[in-house]
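Assemble the whole structure, with the sequences as input and the hints as a guide.
Residue numbers (the working numbering), protein chains in the order written: chain Y, 18 to 395; chain L, 41 to 372.
None of these hints come from the bench; they were simulated from the model. Computed from a predicted structure; not experimentally measured. Even glycine gets a Cβ: it sits at the ideal position worked out from N, Cα and C. Among the hints, erroneous ones may be present.
Calculated cross-link-like contacts (lysine to aspartate or glutamate; reagent style EDC-like; alpha-carbon spacing at most 20 Å) [unchecked claim]:
(1) Lys89/L / Asp390/Y
(2) Lys287/Y / Asp388/Y
(3) Lys89/L / Glu298/Y
Covered by chain L, according to a simulated footprint, are these stretches of chain Y (three or more residues, beta-carbon under 8 Å) [what the hints assert, rightly or not]:
(4) 239-251
(5) 256-269
(6) 293-303
(7) 367-380
Where chain Y lies over chain L, by a calculated footprint (3+ residues, C-beta under 8 Å) [unchecked claim]:
(8) 43-50
(9) 53-62
(10) 83-96
(11) 114-127
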Amino acid sequence: MNRSLQRHLNILDFALSSLWRRKGKNLALLAVYTLIIFIIASIVFFTQALKREADLVLQDAPDLVVQRMVAGRHDPIPVSYGTGIAAIRGVSEVTPRFWGYYYDPVTGANFTLVASDDQELKPEAISIGSGVARTSRISIGDFLPLKDIKGSPVLFSVQKIFPSSSELVAADLIQLRQEDFQRLFDFPAGRATDLAVSAGNPAELETIAAKIVHDFPDTRPILKSEMIRTYDSVFDWRSGMVLVVLAVAVLSFIIFAWDKATGLSAEEKKEIGILKSIGWETTDVLLLKSWEGIVISLSAFLFGVSLGYLHVFFFSASLFEHALKGWSVLYPEFKLTPVIDPYLICLLFLLSVGPYVAATVVPSWLAATVDPDAAMRS
Amino acid sequence: MIMHPGVLALFTGSLLTSAMILYAGWYGVRILRNWDLSSGSELQLALEKRTYLISTLLTYALGFELISLFLFVFTADRLHLLFSGAMCAAGTLNANGFGYPLLILKLVNFLLAGIWLIVNHADNQGYDYPLIRFKYLLLVPLVPWSLLEFSYLFAYFSGLHADVITSCCGSLFSLERPGIAGDLASLPVEPMRLAFFGTLAATLVSGLYSWRSGKGCYPFAVLSLATLLVSLASLVSFICLYIYQLPSHHCPFCILQGEYHYLGYPIYATLLGGALAGMGTGFLHPWRRRGSLSRAIPRLQRRLAATSVLLFAVFLAIASYQMIFSPFRLGR
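What follows is the structure, given as structure tokens:
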């Protein structure tokens, strides 16, 4: 045991010094390799963090939302449906929700307006998200004009700005009283945008949803678990697409690595020839080559993953956030919470080191099996 | 296909390993037909050189095969969120008809790959390629199995659609369900418990004997395989019940989840590792007197037997700990 360990250590020692002797070539390889891993790691970390944020946001979402459909389109739902739904066994609470979107022609942004039952909110006063405050350049005490359905502006005074920690959820949010909401949009009385349903036992939600569809065929219940699942697949799909596109880059890197590994200089060939003639066996040379590969790929992996981590969690993935996050005038500014998932690290390792190993096996074998006399004569 | 990084990694890995194994198999057949160490012909010299490439390729490919079994199960566990009705890997695997056959293929390939790696390791100890024919003969079944695994993997992942409604482990591994899962779950507890402790005890004793004396490797190898099969059945039949503390939950996959402290990973790793090392001793046994290996193989066999006994003992400790210290008790 000890002897074979010693053998590995000696060969590793030799591999390090031989890598260092050709630093120009190997550093170039390391740089390209690190870059590839950096890009893949950034994508994987970023998607993971976004999924987590989406999970956190949806944690406070209602278990079940019931919408009314008219001609396949979402339509305000009669509040009276709520009594029928509340009568279904297992339903603990039904709350009508009033919300909608408002396009602001001045800034070109879309705001989300939500009626709130917050008692502290005064009539004609609003609480706004920090994104709204930033885009419209207003602060507490200022007025925000919103046009009602007839086109005449209504002035709302800003009573509160949500803290920036809630930016991801509340960036484009405007909260106002329910009667203000109904007046602004001339919302039909006795109707709500949708109904939020909660159940005592979450395991019963699917049955409750089925009963709601049975009792009110013109409604569409949406489960929270369905929303979480949709977000998960959307983010997986986005990152998967980017990874597939990146496959071209990985492929060209493999060709590059193959080329570097095959193109042995005369000096290297001579070196292997001398090693073999002084008693190194083919397996020893193969071991030397694989240690060289391990050193290069592990360093590239460590550098790439650390850089990707810094990029995503300290610089908010500035290089390709638009591809993965989507885009809008009023976009929440947020820092992602650092998460490290060992499973993802393993995947990254397999996705990046695997192809490199596969690309260098044949060239190292070719190098290791040269005949010593032929190598030294060339 | 679901574009999950795990799926991509498994797919790329499987594509690369099947290509490597296919290439190795092609040369394996040539070696089997033309190998003649006493000859100095050009073909023989080329083949001798080629064996280095092939054993390096196969070491990587089969090494990946060993890891990928766990990666596959973990990915399946992760993906269960995407399917309505699925609560763990059991549901994901059931999402289409290729899931469970693929798992079995991966399990068989895990064992074949592990044994091949052990034999290859032994072969590398001798200078005159002592096990070369046996090694490439062993490779022959690996080629079709790994190609089959790749095609099943492709069929499984390309047939995964997030809108499929699948069954959860509760209904798959229930007593009333017809089929192998239901049969395993409804195995009678008392005889199963007897069989479980019986085979494990016999394997441990036989392993210790092989380790001390270097003899009795065939019975030990057979017992190791038996322990693997009996333990897998026992996990579904009664061990899992203690871990979940539920008399009706037989799922062998939920123990892989964080709720149960990822206990499934040490359980399956020790069980599979123990079985592999134990079976390895038997596969090496016919060659223990072969010229250049007459010292290396007995040493390797004893080391394998010790590893196997150790891993089975850890497995037994985990399983018994759950049974003894769980507040859950099975009635008669």
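How the hints compare with the structure:
1. Lys89/L / Asp390/Y: Holds, because 16 Å separates the two Cα atoms, which is no more than 20 Å.
2. Lys287/Y / Asp388/Y: 10 Å, holds
3. Lys89/L / Glu298/Y: 12 Å, holds
4. 239-251: holds (count 6)
5. 256-269: holds (count 5)
6. 293-303: It holds, with 3 qualifying residues against the three required.
7. 367-380: Contact hint for the stretch 367-380 of chain Y vs chain L: holds, 8 residues under 8 Å.
8. 43-50: holds (count 7)
9. 53-62: Held - the stretch 53-62 of chain L has 3 residues with a Cβ nearer than 8 Å to chain Y, which meets the minimum of three.
10. 83-96: holds (count 4)
11. 114-127: holds (count 5)
Hint check: no violations occur; every hint is consistent with the structure.
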